[in-house]
Amino acid sequence: MDVLTKEQRRKNMQAIKSKSTKIEELLAKALWTKGFRYRRNNRSVFGKPDFTFKKYKIAIFCDSEYFHGKDWENQKHRIKTNTEFWHSKIEGNIERDKIVNERLLHENWKVIRFWGEDIKKNLEICLTKIEEGIEERKHVKIL
Numbered sequence: 000m001d002v003l004t005k006e007q008r009r010k011n012m013q014a015i016k017s018k019s020t021k022i023e024e025l026l027a028k029a030l031w032t033k034g035f036r037y038r039r040n041n042r043s044v045f046g047k048p049d050f051t052f053k054k055y056k057i058a059i060f061c062d063s064e065y066f067h068g069k070d071w072e073n074q075k076h077r078i079k080t081n082t083e084f085w086h087s088k089i090e091g092n093i094e095r096d097k098i099v100n101e102r103l104l105h106e107n108w109k110v111i112r113f114w115g116e117d118i119k120k121n122l123e124i125c126l127t128k129i130e131e132g133i134e135e136r137k138h139v140k141i142l
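Numbered per numbering that gives the first Met the number 0, the sequence shown finishes at 142, counting up by one with no gaps.
Quick caveat, the hints were computed from the structure, so don't treat them as lab data. Check each hint, because a few of them may be wrong.
To be verified - DEER-style ranges, computed between Cβ atoms:
id	residue 1	residue 2	range
1	71	107	25 to 33 Å
2	55	77	37 to 45 Å
3	139	83	41 to 49 Å
4	5	72	23 to 31 Å
C-beta atoms are modelled at their ideal positions from N, C-alpha and C, and glycine is treated no differently.
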């Protein structure tokens, strides 16, 4: 049973953004401070990554644990209301993420995905992974 009324739950869900989320903003500011220049939500790249470095063909995604199903097999039992809808929604997101990864890899993109908690708690590690990806791509002929 939901502890919120239908209207309260509706307002909460409407407030969830798909762009410029807190985790994206945190990573964006850190990248900008380090001197990296990127494109955000680039529609010309399949899957519309949160950040792209087109010159190096690097696509970065910032995934929230809930909507992208981190540890899904263990966590899906925690959903108590509207379970059919949420299971379908989250499993669809997981499948779409796999399709996006496969297509971008096939198109010679380097795909980097971060969980929101990793960005919040280990921002420096995330930045290091991105820097390593850029350095790696500087020395590779990209078609």
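Cross-check of the supplied hints:
1. Restraint check, residue 71 to residue 107: a C-beta distance of roughly 29 Å satisfies the suggested window 25 to 33 Å.
2. Between residue 55 and residue 77, the C-beta spacing of about 38 Å keeps the proposed range 37 to 45 Å intact.
3. Remark: the range hint 41 to 49 Å for residue 139 to residue 83 is upheld by a beta-carbon distance near 45 Å.
4. Taken as a hint, the range 23 to 31 Å holds for the pair residue 5 and residue 72, whose Cβ atoms sit roughly 29 Å apart.
When each numbered hint is compared with the structure, no violation occurs for any of them.
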